[in-house]
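K.L.:
What follows is each chain in one-letter form.
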Amino acid sequence: CGRQPGSIVGVSNHIWQIKRQEIMKWNGWGYSDSRFFFNKKGQAEFTGRRYRLSGLIIPGLKDWFESTFGASLQHKTPATVSPILNSSAVQPPTLNEAFVEELKSTGIPLSHDAEDRVFRAHGHCLHEIFALREGKFGRVPDMVVWPNCHNDVVKIVELACKHNVCLIPYGGGTSVSSALECPPEETRSIVSLDTSQMNRILWIDEKNLTAHVEAGIVGQDLERLLNESGYCTGHEPDSMEFSSLGGWVATRASGMKKNVYGNIEDLVVHVKMVTPQGVIEKSCQGPRMSTGPDVHHFIMGSEGTLGVVTEVTMKIRPMPEYQKYGSVVFPNFEQGVACLREVARQRCAPASIRLMDNEQFKFGHALKPQVSSIFTSFLDGLKKFYITKFKGFDPNRLCVATLLFEGDREKVLQHEKQVYDIAAKFGGLAAGEDNGQRGYMLTFVIAYLRDLGMDYYVIGESFETSVPWDRVLDICRNVKARIIRECKDKGVQFSPLSTCRVTQTYDAGACVYFYFAFNYRGLSDPVHVYEQVEHAAREEILANGGSLSHHHGVGKLRKEWMRDTISKVGMGMLKSVKDYVDPNNIFGNRNLL
Amino acid sequence: NGSVFYPKRDDFEDILEERRNSSDLRYALRCYIPVLYKELTPCKASELKSMVLQSDQLRYVINQVCKETGMAADEVQAEAAAILEEMAHRLQLSTIRFFAFTLSKVFKTLFRSICVNEEGIQRLQQAIHEHPVVLLPSHRSYMDFLLMSYILYTYDLALPVIAAGMDFMAMKFVGEMLRMSGAFFIRRSFGGDKLYWAVFSEYVKTMLKNGFAPVEFFLEGTRSRTCKSLTPKLGLLNIVMDPFLKGEVFDVSLVPVSISYERILEEALYARELLGVPKPKESTSGLFKARKVLSEDYGSIHVYFGQPVSVRSLAQNRVDRCQFNLIPRHIPRKPGEDIHSFVNDSAYRLVRAQEENMVLKPWVLLASLLLQNHHQMQVAEQKQEMALDELTEQAVWLRDLSRQYGAFLHWPGTVQAQSSFKTLLKINHGEPCSTVTPEEELLNQAVIILSCASYRNQALHIFLRPALLASAIHTASSSNKQEVYNSFSFLRNMFSNEFILCPGATVQDFEEACYLLVKTGALQINQQEFVVTERGHRTLGFLTRMLDPFLQGYQVVCRFLCEDATEGLTEKQFVPAVRKFIIRHILTGFCRLRYTEVLSSDLQKNSLAALLRLGAVQKLKGYVGVCHPCTSVCFDWLRQKQAS
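In order, the protein sequences belong to chains A and B.
All residue numbers for the first sequence refer to my numbering, where the first residue is 5 and numbers rise by one.
All residue numbers for the second sequence refer to my numbering, where the first residue is 43 and numbers rise by one.
Just to be clear, a hint being listed does not mean it is correct.
[Claimed, not checked] Straight-line C-alpha distance at most 25 Å; calculated SDA-like pairs for lysine to any residue:
no., chain 1, residue 1, chain 2, residue 2
1, B, 251, A, 346
2, B, 561, B, 51
3, A, 492, B, 171
4, B, 86, B, 120
5, A, 492, B, 355
6, B, 86, A, 335
7, B, 80, A, 400
8, B, 288, A, 472
9, A, 492, A, 528
10, A, 66, A, 77
[Unchecked claim] Computed beta-carbon distance windows for the label pairs:
no., chain 1, residue 1, chain 2, residue 2, range
11, A, 572, B, 55, 55 to 63 Å
12, A, 421, B, 75, 39 to 47 Å
13, B, 236, A, 351, 31 to 39 Å
14, B, 236, A, 566, 36 to 44 Å
Please keep in mind that the hints were generated in silico from the structure rather than gathered at the bench.
Positions of the beta carbon are idealized from the N, C-alpha and C atoms, including for glycine.
Whole structure, please, built from the sequences with the hints as guidance.
P.N.:
What follows is the structure, encoded as structure tokens:
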């Protein structure tokens, strides 16, 4: 690639080999070595050594699982295909020979191996994973290519245009919007462009606090490598173990600590994207420009429909001197929301502040690992007694906010006091660092839990929205109730888990996450039921003033609501950009529009 | 043979029976623990008031009023507080217990039974637990809302707060008693008073949203003097639907309640009122004078709690709730066209749901028959009366017919029926007249006729659609289906102020009518031609005659407007003038005015409203007059009909 090896600051030496499926599940979430299961005693365990929960027993999970879903450990629904992919079930690739020939001559690695193709044919929507577990494969890419740098991408895109091949960029594969699904109506050869080999930090500029990074780098590597130099981006989406920088840009991602560091649109200083019309980038790195509409905003959120993001200059910050977790218990969700609103009003939100509703609080409780010391369990008991008996909180109504403070020690402590003082005005009681930390750890393992549920007739998913402050309580109540009602109407035999949390605060509103899962025993087409309910829930969100998406994006899953969301003229604007940049629909994943 | 159009209905339970067998005092003092709304945060009536006064909605309007009038904020705030003070209820259990005791005594004296469908009560209980509930009883008597609260207390249900007209407040002591039993008082008209509207709507919404209590009001707005359901008023329905439309609650349950009286306490008053004797002002002393009613027998009451109607399902695919996304929800806005028509359609649906579960007693059918008979005899200038046997035969025929049409009949055994007939005949005879002038004699007779009509009217909703079809067949120029439909559509349109006819549902109504007549063998449709069958003539004759008095009423109003109305007739003067005109014509025997019923001011007002709506008449600077040149099809049609 004509680059001096010495100039490269960091190379992701992690795991992102070409054969990702060797360490990751191909039909479930995350690392192959990490998963939940019920042991012979019926206790839940989490395997592996990667997480704090790994190797621990979670005694409360079984009861919670059985009582919440009406599920039973006797009724299993294991994945029907063995973990080693049965490649004969996959359609043989449709190859564009001329394209393949010319590409081979460039020396860019490529593959039409069934395993490689299936691995890149999906994101992590419920219907996608469910189908994989049943061994069903729809249209999958015909070929995978692994460019190593920007210039490789330029060559690939040129050849794709020349031979009329459909390109679908693939980063971390954590999409939950059907964005990676191959359009079944696509007749051209589909090539998955896997950016994982473009994973270097090209330079760090300490004067301007920026770093220039290849877009294929995965979140955890980016942070780790920057940390080695004493910096961080502070961008931590829940998927950061696997999701890539290019994916964040293409979907307008949001990070947990956006209150300190900002969302992706605040972090990006410069972007380079390869399109069928050529490369788009700005000529300078000025921190703000008045040069007409910001072309970065055509790129951010374009969801792979216009081109491939190859390199990004991002803001970086010195690593925080001090981090402190915290948590607050509120007597009810209403008080909790009022507190978050006040925190936002005073613009004193910590790096992260999240409010879980009662159901999620109970869920979190069920995930407490077995404690080794009697002293800890005694303290837990005491805490519970204090909150429910002494303070009179109703265990069926109380809810918890988890907090994360970052900065220099003194300021953090000062900040902490300010937030706890506000919380106290809304009846909030400080509930310790431990609860807070566990709350954040759970965001990384929760995706593994869905796989466990799917072993026992339980399917579920999360979805999100953003909504003005005055609507937060209403939308939470109504969407949760709508889910319950729709499940009942659609013949779900057991009452579903329908829960939410407020995960981000803004000046004018908040981001709300809904979790929804149910036991599908007795249903002939559970995925269809699931999709109908999710569809209804999204309608409810929109009817309650919520947005189509805060950060998951539109993909193909939410396309039908785009026109109503951005108006006919807005659609026309986006379409005309697409028509100019990619008239032959080379980037043909058909997301968004 | 079974009914063609038969909704399944619950059984009744008489709640007075237990009252006759056990202590009223113990009943009034018993433990009362109602099921409450699951998301209720308990709050006192006084807290409720401060919630209203501090609401964003009200603060916004207070601000607006300040800017417009230049008044100080605290002055307007005080005014709002005063409005709320005047309006608010002070529901307390002790008053309910007092009423539970006294009403038990009164009800046992007045009524033979009060029958309630207990399954409906169970549904209501469930609804109260799940969502905020709005109770929508039919309104025929002052008794209605005390009766409702009494029943809810009896079944351990949450006691409602009730929207009542301000006129009650004139009765000092009683007004306060009602207030303490859950009534809140609203002015009859407050047209442009922004502040009043804001306080009022916010008060109702706050109670509803918090699930403080079921909110009860009368869709018809006022007591129906004719026993015919009134065109629903939309104001309160708009208010109670608003929290759902704006996402403030997940759903609201609307529960239509049908209260059918065998005999209404105000019966005689209503007939006089319709004939121009003004309604006595409500006063406490008046109430005591009215105590003589205690010595009379008012039969039984049937109260049917209908299926709760979810506002959410009504609004599904009808209303785009996103329209509230772009303006803060606390800023008052006039409902858009789509919301207006949605609320209007819902209101009609709910009134029809009330009608559907009205229990019809034998008199209702007998009155229909006797009135028709009376008119036929009048035409024939005969004075003879109907033989009891003949009446019985006709009644049985009509009973079967109405059952087929889905009527909710309460028909006692035959022996009893005979005696019932006698009672009714007694009513029909009326008191012997000792009046002097022919006008007074006419009015006295009209009182009897209108009382009778108020029984017949209770069955109108059963026969209305087939009757419109029968009349349409009768008047259409040919028996071609399209021709008949046009005629049906015309009649339906003309009568849409008179009867409960959902706007825009002409086709459904026409099809429903065809279905009923065809299925019951009265009508055949052969290749787009309507053929009345042999046995259908009797049915169609009966149905046509049912609408005739109304038709003649509209005609006479037209005639009055053309011939007699002077320039500068105000709406207020209209009724007395048209009444004078009618009396003169009846007494001179001119123009074959057969129906004394046309003297009803209700009929006259409705026809004026219809003519205004259809553009045959217009209002100019407060005066009503025929449009010149008179081009209205309706007008011509009515006049032609009369000529023929």
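K.L.:
Could you run down the list of hints and mark each one as holding or not?
P.N.:
Evaluated hints:
1. With a C-alpha separation of about 24 Å, the suggested pair residue 251 of chain B and residue 346 of chain A falls inside the 25 Å cut-off, and the hint holds.
2. Of the supplied pair hints, the one linking residue 561 of chain B and residue 51 of chain B holds, its CA atoms being roughly 22 Å apart against a limit of 25 Å.
3. About 18 Å separates the Cα atoms of residue 492 of chain A and residue 171 of chain B, which keeps this hinted pair within 25 Å; it holds.
4. A distance of roughly 21 Å separates the Cα atoms of residue 86 of chain B and residue 120 of chain B; the hinted pair therefore holds under the 25 Å criterion.
5. Between residue 492 of chain A and residue 355 of chain B, the direct Cα distance comes to roughly 15 Å. Compliance with the 25 Å bound is thereby established for this hinted pair.
6. Using a Cα cut-off of 25 Å, the hinted pair residue 86 of chain B and residue 335 of chain A holds, with the two alpha carbons roughly 21 Å apart.
7. The straight-line distance between the Cα atoms of residue 80 of chain B and residue 400 of chain A is roughly 13 Å, inside the 25 Å bound, and the hint therefore holds.
8. Annotation: proposed proximity of residue 288 of chain B to residue 472 of chain A holds, straight-line Cα distance about 13 Å (limit 25 Å).
9. Proposed proximity of residue 492 of chain A and residue 528 of chain A is supported: the alpha carbons are some 15 Å apart, at most 25 Å.
10. Between residue 66 of chain A and residue 77 of chain A, the direct Cα distance comes to roughly 8 Å. Compliance with the 25 Å bound is thereby established for this hinted pair.
11. Between residue 572 of chain A and residue 55 of chain B, the C-beta spacing of about 58 Å keeps the proposed range 55 to 63 Å intact.
12. Between residue 421 of chain A and residue 75 of chain B the beta carbon distance is about 46 Å. The supplied range of 39 to 47 Å therefore holds.
13. The beta-carbon spacing between residue 236 of chain B and residue 351 of chain A, approximately 36 Å, falls within the hinted interval of 31 to 39 Å.
14. Between residue 236 of chain B and residue 566 of chain A the C-beta distance comes to about 40 Å, which sits within the given range of 36 to 44 Å.
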